[in-house]
Amino acid sequence: MGLLKKTTGLVGMAVAPNPHHTLGSLYGKILRTLQKMPESSVYRKYTEQIVKERAAVLKQTKDTYEIETKINCGQAEELIIQAENELNLARKMLIWKPWEPLVAKPPKTQWDWPPTKA
Amino acid sequence: MSFLLKRTLGAGKNLGRAVLNSNQYTGIQRVATKTDVATPQVETRPTVAKLDPLQKSQLIDFGKYIAECMPKYVQKVQITAGNELEVLIPPEGVIPILQFLKDHHSAQFASLVDIGGMDVPNRPYRFEVIYNLLSLRYNARIRVKTYTDELTPVDSACEVFKAANWYEREIWDMFGVFFANHPDLRRILTDYGFEGHPFRKDFPLSGYVELRYDDEQKRVVVEPLELAQEFRRFELSAPWEQFPNFRGNPVSEEVVNQSGDQPKKE
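If you read the sequences in order, they're chains C and L.
The first sequence begins at 1 in UniProt numbering and counts up by one.
The second sequence begins at 1 in UniProt numbering and counts up by one.
Because the hints were derived from the structure by calculation, they are not lab data.
Among the hints, erroneous ones may be present.
To be verified - Straight-line alpha carbon distances no greater than 20 Å define the calculated SDA-like cross-link-like pairs of lysine to any residue that follow:
#: 1; chain 1: L; residue 1: K64; chain 2: C; residue 2: I50
#: 2; chain 1: C; residue 1: K45; chain 2: L; residue 2: K64
#: 3; chain 1: C; residue 1: K92; chain 2: L; residue 2: K201
#: 4; chain 1: C; residue 1: K6; chain 2: C; residue 2: K62
#: 5; chain 1: C; residue 1: K117; chain 2: L; residue 2: E253
#: 6; chain 1: C; residue 1: K108; chain 2: L; residue 2: K162
#: 7; chain 1: C; residue 1: K45; chain 2: L; residue 2: P71
#: 8; chain 1: C; residue 1: K92; chain 2: L; residue 2: C158
#: 9; chain 1: L; residue 1: K201; chain 2: C; residue 2: K45
#: 10; chain 1: C; residue 1: K117; chain 2: L; residue 2: E235
#: 11; chain 1: L; residue 1: K201; chain 2: C; residue 2: D112
#: 12; chain 1: C; residue 1: K45; chain 2: L; residue 2: D61
#: 13; chain 1: C; residue 1: K45; chain 2: C; residue 2: E84
#: 14; chain 1: L; residue 1: K162; chain 2: C; residue 2: E84
#: 15; chain 1: C; residue 1: K92; chain 2: L; residue 2: N122
#: 16; chain 1: L; residue 1: K64; chain 2: L; residue 2: T44
#: 17; chain 1: C; residue 1: K105; chain 2: L; residue 2: V120
#: 18; chain 1: C; residue 1: K5; chain 2: C; residue 2: I50
#: 19; chain 1: C; residue 1: K117; chain 2: L; residue 2: N122
In this text the structure is predicted, and so the values were computed from the model without any measurement.
Work out the full structure: start from the sequences and follow the hints.
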């Protein structure tokens, strides 16, 4: 079985019972959501790269501690939260479609600084 | 006797010069003599803020990344001299950009530090709303700037960051910028019956009204302002240009400019 993790050390964050399984399913869902975006979108390209990299680590080992050290982005519970956030974001991106060209150009002098010649 | 005198007097003279030359008292500065004016020394010590080219290059890369991921909303990305990355967006892009910066794996700006407002009356969209974010995972800060005028509402960031609640109330109270879908948009800093938005540039320093307790009516009454002395304006800025050597240096360096128009070249 290996060492049991007693606590994450972070307030309000419970120890996840089977992080390998949870992360695997979350990464699968993210990749399926990303498939619906157009191939040319940069967001899809880079997010797929990140998620596939992490999923590859999951395939290599089932040990939680090894997963944490190889991905090197915090504890397994934090990785689960990050993956859930990315899933939410990907689903919202399907609605917003940010890969389209610029929706509103600023007025001529909007971003000039200093605002007046002084 | 004379030997003794010579020791004291002569020694005093030599001692003084030895002290100045030996520099064992590092606090004393040598006054420039004719010999060392000819070789001016180049200043190599850093100024107050240390330059960090690595951080600047990382921020520039991240700015380009954001502009590539969300070209629909990013008008411009710039970086200031103090390594502060700024993303300039139209008001339609507030929620998508903030959500992206909060949730994406390589961003994770989970902490909303501040929402500030700015009033530039000359512009068509006079108010700027400025979101400051902090990423604890990557120890990085970023600023997101939008624009609006007196009547156009901006989407509230409360659904993305709960902390935005009071900050947006403050901007509503002080500037009059309306936030759509805000759970509870009401005044937060001004008095209960206060009229006006104090941080606007056209709102005077002393305000328009004064309050006093009226003994006949037995309550506080609101009356138009009466100052004992008329307002005196002191011109604190000097009439001459202050930094002629830095005339051509822009405040911020452009990383990405999708809005297309070039800044005025003088």
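20 Å Cα cutoff - pair K6/C, K62/C: holds (18 Å)
Given the hint that K201/L pairs with K45/C, test it: the Cα-Cα distance must not exceed 20 Å. At roughly 46 Å apart (the allowed maximum being 20 Å), K45/C and K201/L break the hint.
Regarding the pair K45/C and E84/C, is the alpha-carbon distance no greater than 20 Å? holds (19 Å)
Agreement of K64/L and T44/L with the hint, judged by alpha carbon distance not exceeding 20 Å: violated (32 Å)
Check the hint pairing K108/C with K162/L against an upper bound of 20 Å on the C-alpha distance. violated (34 Å)
Below or equal to 20 Å on CA atoms is what counts here, so check K92/C against C158/L. Measuring from Cα to Cα gives roughly 16 Å; hence the hint holds.
When you check the alpha-carbon spacing of K5/C and I50/C, does it fall within 20 Å? Distance ~26 Å between K5/C and I50/C Cα, so the pair is violated.
Distance restraint between K45/C and P71/L, which requires alpha-carbon spacing of 20 Å or less: Status holds; Cα separation ~14 Å.
Satisfaction of hint between N122/L and K92/C, Cα-Cα up to 20 Å: Violated, because 36 Å separates the two Cα atoms, which is more than 20 Å.
Given pair status - V120/L, K105/C, alpha carbons within 20 Å: Satisfied, since the Cα-Cα distance of roughly 19 Å is no more than 20 Å.
Does D112/C sit within 20 Å of K201/L, going by the straight-line distance between their CA atoms? Given pair K201/L, D112/C holds - Cα atoms ~18 Å apart, limit 20 Å.
Holds or violated: K162/L to E84/C, with C-alpha atoms at most 20 Å apart: holds (18 Å)
Hint compliance for this structure: hints 3, 6, 9, 15, 16, 18 are broken, all remaining hints hold.
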